[in-house]
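Engineer: Chain residues, written in single-letter form:
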Amino acid sequence: MTIRTETIAAAVAKANQTIKRHEQELNAADAKLGDGDTGGMLARVLGKMAEADLSEADPGTALTRLAKAATVATGSSLGTLFATGLLAVGRQAKGRETIEVADLAAFVASARDAMMERGGASLGDKTVLDSLDAIATALQGKTSPTEAADAAAQAAADALNTFRSRPNRIGRARMFGDQTIGIDDPGMLAVMHLAGAIAE
Amino acid sequence: MTIRTETIAAAVAKANQTIKRHEQELNAADAKLGDGDTGGMLARVLGKMAEADLSEADPGTALTRLAKAATVATGSSLGTLFATGLLAVGRQAKGRETIEVADLAAFVASARDAMMERGGASLGDKTVLDSLDAIATALQGKTSPTEAADAAAQAAADALNTFRSRPNRIGRARMFGDQTIGIDDPGMLAVMHLAGAIAE
Amino acid sequence: MKKLMNSPADFVDEMLEGLTAANPSLVRGGETGRVIRRADDSRNKGKVGVVSGGGSGHLPLFTGYVGKGLLDACSIGNVFEGPTVGSCIEAIQMADGGKGVLRLYGNYGGDRMNFDMAGEMLEDEIRTTTVLGTDDIASAGPEERKKRRGVAGIIYAYKTAGAFAETGADLDAVTAVAQKTVDRTRTIGVALSPCQVPGSDKPSFILAENEIEMGMGIHGEPGIWRDTLRSADAIADEMIDRLLNDRPEGAGNRASILVNSLGATPLEELFILYRRARARVQAEGIEVVQPLVGHYATSMEMAGASISLLFLDDEIGPLLASPCECPFWTVR
Amino acid sequence: MKKLMNSPADFVDEMLEGLTAANPSLVRGGETGRVIRRADDSRNKGKVGVVSGGGSGHLPLFTGYVGKGLLDACSIGNVFEGPTVGSCIEAIQMADGGKGVLRLYGNYGGDRMNFDMAGEMLEDEIRTTTVLGTDDIASAGPEERKKRRGVAGIIYAYKTAGAFAETGADLDAVTAVAQKTVDRTRTIGVALSPCQVPGSDKPSFILAENEIEMGMGIHGEPGIWRDTLRSADAIADEMIDRLLNDRPEGAGNRASILVNSLGATPLEELFILYRRARARVQAEGIEVVQPLVGHYATSMEMAGASISLLFLDDEIGPLLASPCECPFWTVR
Ligand SMILES: Nc1ncnc2c1ncn2[C@@H]1O[C@H](COP(=O)(O)OP(=O)(O)O)[C@@H](O)[C@H]1O
Ligand SMILES: Nc1ncnc2c1ncn2[C@@H]1O[C@H](COP(=O)(O)OP(=O)(O)O)[C@@H](O)[C@H]1O
Ligand SMILES: [Mg+2]
Ligand SMILES: [Mg+2]
Ligand SMILES: [Mg+2]
Ligand SMILES: [Mg+2]
Numbered sequence: 001m002t003i004r005t006e007t008i009a010a011a012v013a014k015a016n017q018t019i020k021r022h023e024q025e026l027n028a029a030d031a032k033l034g035d036g037d038t039g040g041m042l043a044r045v046l047g048k049m050a051e052a053d054l055s056e057a058d059p060g061t062a063l064t065r066l067a068k069a070a071t072v073a074t075g076s077s078l079g080t081l082f083a084t085g086l087l088a089v090g091r092q093a094k095g096r097e098t099i100e101v102a103d104l105a106a107f108v109a110s111a112r113d114a115m116m117e118r119g120g121a122s123l124g125d126k127t128v129l130d131s132l133d134a135i136a137t138a139l140q141g142k143t144s145p146t147e148a149a150d151a152a153a154q155a156a157a158d159a160l161n162t163f164r165s166r167p168n169r170i171g172r173a174r175m176f177g178d179q180t181i182g183i184d185d186p187g188m189l190a191v192m193h194l195a196g197a198i199a200e
Numbered sequence: 001m002t003i004r005t006e007t008i009a010a011a012v013a014k015a016n017q018t019i020k021r022h023e024q025e026l027n028a029a030d031a032k033l034g035d036g037d038t039g040g041m042l043a044r045v046l047g048k049m050a051e052a053d054l055s056e057a058d059p060g061t062a063l064t065r066l067a068k069a070a071t072v073a074t075g076s077s078l079g080t081l082f083a084t085g086l087l088a089v090g091r092q093a094k095g096r097e098t099i100e101v102a103d104l105a106a107f108v109a110s111a112r113d114a115m116m117e118r119g120g121a122s123l124g125d126k127t128v129l130d131s132l133d134a135i136a137t138a139l140q141g142k143t144s145p146t147e148a149a150d151a152a153a154q155a156a157a158d159a160l161n162t163f164r165s166r167p168n169r170i171g172r173a174r175m176f177g178d179q180t181i182g183i184d185d186p187g188m189l190a191v192m193h194l195a196g197a198i199a200e
Numbered sequence: 001m002k003k004l005m006n007s008p009a010d011f012v013d014e015m016l017e018g019l020t021a022a023n024p025s026l027v028r029g030g031e032t033g034r035v036i037r038r039a040d041d042s043r044n045k046g047k048v049g050v051v052s053g054g055g056s057g058h059l060p061l062f063t064g065y066v067g068k069g070l071l072d073a074c075s076i077g078n079v080f081e082g083p084t085v086g087s088c089i090e091a092i093q094m095a096d097g098g099k100g101v102l103r104l105y106g107n108y109g110g111d112r113m114n115f116d117m118a119g120e121m122l123e124d125e126i127r128t129t130t131v132l133g134t135d136d137i138a139s140a141g142p143e144e145r146k147k148r149r150g151v152a153g154i155i156y157a158y159k160t161a162g163a164f165a166e167t168g169a170d171l172d173a174v175t176a177v178a179q180k181t182v183d184r185t186r187t188i189g190v191a192l193s194p195c196q197v198p199g200s201d202k203p204s205f206i207l208a209e210n211e212i213e214m215g216m217g218i219h220g221e222p223g224i225w226r227d228t229l230r231s232a233d234a235i236a237d238e239m240i241d242r243l244l245n246d247r248p249e250g251a252g253n254r255a256s257i258l259v260n261s262l263g264a265t266p267l268e269e270l271f272i273l274y275r276r277a278r279a280r281v282q283a284e285g286i287e288v289v290q291p292l293v294g295h296y297a298t299s300m301e302m303a304g305a306s307i308s309l310l311f312l313d314d315e316i317g318p319l320l321a322s323p324c325e326c327p328f329w330t331v332r
Numbered sequence: 001m002k003k004l005m006n007s008p009a010d011f012v013d014e015m016l017e018g019l020t021a022a023n024p025s026l027v028r029g030g031e032t033g034r035v036i037r038r039a040d041d042s043r044n045k046g047k048v049g050v051v052s053g054g055g056s057g058h059l060p061l062f063t064g065y066v067g068k069g070l071l072d073a074c075s076i077g078n079v080f081e082g083p084t085v086g087s088c089i090e091a092i093q094m095a096d097g098g099k100g101v102l103r104l105y106g107n108y109g110g111d112r113m114n115f116d117m118a119g120e121m122l123e124d125e126i127r128t129t130t131v132l133g134t135d136d137i138a139s140a141g142p143e144e145r146k147k148r149r150g151v152a153g154i155i156y157a158y159k160t161a162g163a164f165a166e167t168g169a170d171l172d173a174v175t176a177v178a179q180k181t182v183d184r185t186r187t188i189g190v191a192l193s194p195c196q197v198p199g200s201d202k203p204s205f206i207l208a209e210n211e212i213e214m215g216m217g218i219h220g221e222p223g224i225w226r227d228t229l230r231s232a233d234a235i236a237d238e239m240i241d242r243l244l245n246d247r248p249e250g251a252g253n254r255a256s257i258l259v260n261s262l263g264a265t266p267l268e269e270l271f272i273l274y275r276r277a278r279a280r281v282q283a284e285g286i287e288v289v290q291p292l293v294g295h296y297a298t299s300m301e302m303a304g305a306s307i308s309l310l311f312l313d314d315e316i317g318p319l320l321a322s323p324c325e326c327p328f329w330t331v332r
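Residue numbers (full-length UniProt numbering), protein chains in the order written: chain R, 1 to 200; chain S, 1 to 200; chain H, 1 to 332; chain E, 1 to 332.
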């Protein structure tokens with residue numbers, strides 16, 4: 001199956017609903033380690049993305065417009081990284097009418113790399129990067145959409161579980177040091193919810 | 001019996017102890033109607049008065065020194081009125097070696113009048129003036145110290161009871177209007193404690 | 001309530017020590033140590049002196065407004081207590097350059113008694129006049145305007161009287177300008193949470209979670225109503241309505257707005273209030289000039305804000321705009 | 001926590017509307033509406049531009065410091081969020097007079113990413129440099145100084161860089177002065193009570209009645225210890241000890257002290273802290289010049305204070321003392 005602009009729009013709509021539902025949960029998770037705004041910020045970002053005009057856009061253009069909507073909505077770390085990832089994927093998709101499920105692994109990997117470059121964090125720092133890395137790996141060789149979606153959702157959930165027992169090593173959360181052991185990273189938690197929503 | 005400087009010093013010492021004991025009670029009474037500082041302020045004023053040097057002073061000079069000590073300690077309404085009253089009595093006693101108990105009624109009346117003039121309140125406004133007025137009346141014709149002290153203490157207690165059911169009509173408390181009905185005026189409460197202490 | 005302080009008994013003196021150490025234009029003086037005067041001594045300026053005074057706990061009031069084009073000296077009492085008569089005497093003496101001294105302070109019992117006594121005690125040496133700040137419309141109705149207490153709006157009278165004194169005007173003229181400014185100033189406050197007097201074991205009043213009080217005084221004196229929190233626009237609307245309904249005679253069509261934090265309320269919220277207050281005043285056809293938004297008269301950590309309007313005329317308008325200089329208010 | 005506001009979604013825009021309405025020297029601009037620039041446009045001054053930016057909720061930071069001898073333009077994000085890349089681009093463009101632009105802002109993830117992106121997107125048109133505020137000694141040890149977050153002390157770099165830019169210095173020289181100022185600035189804060197982000201249903205952290213946290217960050221990031229309240233002198237002593245122990249190389253014997261309210265803490269308490277801080281610094285043989293005591297960088301209604309030291313040398317001393325003018329800081 002191929003992914004078109006409509007597929008992307010539907011995924012954004014779903015993600016938007018999911019994030020609204022988990023807004024206070026994500027705020028609470030962030031409040032343990034940061035400033036308690038992850039949920040509110042993502043709700044705002046996805047709200048703006050859901051309003052973005054994707055008419056007459058091929059997937060690459062659609063992703064770029066979504067990224068721009070995100071950058072207009074926020075300047076927070078996670079929001080900006082999110083936009084950075086979308087931009088990277090949009091650049092990869094440029095000029096193509098459709099995207100194949102088989103391309104997704106490489107696309108997520110390119111988002112991960114662009115975000116790593118922009119944010120200066122490394123794999124293993126217990127951030128969204130680790131979730132994306134796990135998703136990229138899980139998507140490898142997947143060609144059916146449901147298989148891919150399930151694998152991504154599972155990988156995001158597994159990454160959250162795996163990293164829970166490790167300390168955060170970047171951003172505000174870094175300053176809590178070993179107190180972050182046993183606590184979910186709010187960004188990873190958000191990715192889990194988002195991946196889960198798209199899988200549904 | 002006659003009143004000498006030592007008698008005055010002893011009364012101040014007693015009053016100082018009493019006020020310390022009732023400091024928070026008076027603050028709480030004032031907090032219902034004003035800014036909650038009557039007790040703290042009087043404790044400070046009487047503390048300073050108890051420290052005043054009354055050596056080689058006749059009663060009039062002693063009273064004037066006590067008034068000065070009070071004016072140095074505070075600029076609050078009640079404190080300033082208190083000093084005003086002491087100054088008036090000191091002026092009356094000027095040049096005399098001793099004061100007779102029989103003079104006390106007139107002395108308290110002169111304090112009351114000076115305080116009325118300074119503060120602009122009237123009798124009936126539910127203030128210390130009403131307590132002093134009641135005391136001045138009760139002291140009339142009393143010549144024995146214990147009789148006088150008892151009469152003053154009783155008068156102060158009665159005044160407090162009588163005025164409780166009326167509204168405050170001056171100062172901060174005025175603004176609470178009829179809400180002050182049923183509530184003790186903090187200044188009158190303080191006079192009751194002070195008169196009671198001296199009677200002991 | 002947590003406070004960064006040492007012994008409550010040292011609160012005022014240590015505060016004054018810090019205030020003068022940080023601001024060399026302010027000098028602490030007098031035997032009482034409870035007077036602040038201009039470092040460039042006013043006594044040899046051949047001008048009318050302007051003094052104020054009041055209790056501590058209201059910074060930048062009162063002492064912070066000592067400076068060129070404002071106050072010459074200021075006496076300062078304990079927290080929420082009037083200044084002692086001794087400090088009032090010293091403040092008047094320090095402001096006197098031989099042309100007399102205006103006593104300009106808020107209408108509170110202790111302040112009044114002590115400034116009156118000080119004036120009487122000095123009457124053979126120094127000519128003094130009195131103007132009382134009575135801007136708080138919540139404290140008495142229009143028919144009892146003279147009984148109203150003074151709050152943040154008094155700084156407008158500092159400004160115009162101070163500026164006029166600098167021009168060499170005589171005592172009666174400076175007094176008249178101060179009185180006119182008070183007469184044309186209206187203030188109302190809204191409290192969100194209390195403050196606590198150092199050493200006291202209780203806050204000065206209690207407001208429930210989500211409760212506010214319109215018109216509450218700066219020491220917790222009762223206001224007009226107590227109810228649940230409303231939107232900033234609704235609150236600003238009511239405050240402006242009440243101020244405009246109490247407009248002085250001959251108010252004219254130019255006004256300055258002062259949106260003042262009672263202490264804990266941050267600048268963000270003040271600007272949100274100001275935005276609405278200004279729009280409302282403009283909608284009445286009144287031009288807004290020289291607005292002031294910030295911490296001008298506080299009650300320590302009390303949360304809330306006050307809004308003042310000064311209705312200008314051709315005399316006090318230029319005086320408000322003329323230069324002044326103190327650590328908390330500069331006009332050039 | 002009670003706030004005087006309307007919809008949380010309008011908090012920042014309404015605040016900016018009020019800020020600019022009250023201060024005609026500040027102009028709101030850009031398509032994003034999230035940039036403040038000087039009313040006397042910097043673009044035709046033929047000088048290096050200095051821009052900053054950051055999240056809302058810290059007034060007078062960041063936007064309040066736009067003015068002559070300070071910032072030329074400033075981007076501003078939502079409460080406690082970095083400014084958007086679009087607003088950073090606009091701020092840089094508005095500050096550019098053809099001689100390049102210094103990006104001078106606090107070391108926070110979102111701010112950094114967005115200013116970096118903005119710089120990259122403009123790199124063909126405008127030469128930009130970066131200096132990050134890293135003055136908070138509680139946020140990382142001396143060996144990781146570059147990782148420290150920026151807090152109130154950044155205003156010192158605004159001042160020196162802004163003053164130097166006014167002299168016509170080139171971009172590299174202005175950048176070097178900003179970096180040197182950051183390198184010579186140290187700050188530590190103590191929090192007494194939290195603030196709450198508009199729209200959030202919880203305060204940003206919780207401190208028990210009578211509990212304080214030394215070194216806590218301006219968004220509630222963890223500090224060095226949490227314990228019961230101590231005396232102001234004991235707190236000032238610890239803060240000054242920690243600052244002096246972290247003294248930069250070649251610190252010299254002249255310093256400015258900034259005692260800053262985190263929001264709700266009133267001036268009275270700041271002056272009590274300053275009094276002690278100054279005495280302690282002087283006892284080290286360090287001369288105190290140009291002290292600042294007040295609300296310079298806040299976290300809305302958070303209670304607490306920060307103390308910053310800027311160790312002066314012969315280059316930045318005169319730049320700190322030279323004229324500047326913005327609504328919240330004037331030097332003449
Ligand atoms: N430099 C970074 N690189 C990768 N992920 C990051 C980085 N900084 C933050 N994150 C992610 O963003 C999440 C926090 O997002 P958010 O609360 O919006 O940021 P903030 O409030 O710190 O600006 C973290 O849980 C983490 O997963
Ligand atoms: N003008 C006045 N005349 C007479 N008594 C007064 C006057 N004002 C206040 N008082 C008395 O002082 C008491 C309040 O004292 P205090 O709390 O020290 O004053 P404040 O805090 O208002 O300066 C009142 O209970 C009243 O008895
Ligand atoms: Mg966050
Ligand atoms: Mg009282
Ligand atoms: Mg009082
Ligand atoms: Mg944030």
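FYI, nobody ran anything at the bench for these hints, they're computed from the structure.
Don't take each hint at face value.
[Claimed, not checked] DSSO-like, lysine-lysine: derived pairs with alpha carbons at most 30 Å apart:
no., chain 1, residue 1, chain 2, residue 2
1, S, K32, H, K45
2, S, K48, H, K180
3, R, K32, E, K45
4, R, K32, E, K2
5, S, K32, H, K180
6, E, K202, R, K14
7, R, K32, E, K180
8, E, K2, H, K202
[As the list claims (entries may be wrong)] Here are the simulated distance ranges between beta carbons:
no., chain 1, residue 1, chain 2, residue 2, range
9, H, W225, E, S7, 45 to 51 Å
10, H, L244, E, I224, 48 to 54 Å
11, H, E209, S, S165, 30 to 36 Å
Even glycine gets a Cβ: it sits at the ideal position worked out from N, Cα and C.
Engineer: The structure should be examined with respect to each hint, and the outcome stated for every one.
Structural biologist: Results for each hint:
Restraint check for K32/S and K45/H: the C-alpha separation of about 47 Å exceeds 30 Å, so the hint is violated. Restraint check for K48/S and K180/H: the C-alpha separation of about 41 Å exceeds 30 Å, so the hint is violated. Straight-line distance between C-alpha atoms of K32/R and K45/E comes to about 47 Å, which puts the hinted pair past the 30 Å bound. Using a Cα cut-off of 30 Å, the hinted pair K32/R and K2/E holds, with the two alpha carbons roughly 22 Å apart.
The hinted pair formed by K32/S and K180/H fails the criterion: a straight-line CA distance of about 35 Å is larger than 30 Å. Between the alpha carbons of K202/E and K14/R the distance comes to roughly 27 Å, so the proposed pair stays at or under 30 Å and holds. For a cut-off of 30 Å, the pair hint linking K32/R to K180/E is broken: about 35 Å separates their Cα positions. At roughly 20 Å between alpha-carbon atoms, K2/E and K202/H fall within 30 Å of each other, so this suggested pair holds.
Checked against the hint of 45 to 51 Å, the pair W225/H and S7/E fails, with Cβ atoms roughly 24 Å apart. Taking 48 to 54 Å as the suggested C-beta distance range, the pair L244/H and I224/E conforms, at roughly 51 Å. A hinted range of 30 to 36 Å holds for the C-beta pair E209/H and S165/S, which are about 34 Å apart.
When the structure is compared with the earlier hints, violations turn up for hints 1, 2, 3, 5, 7, 9 and for no others.
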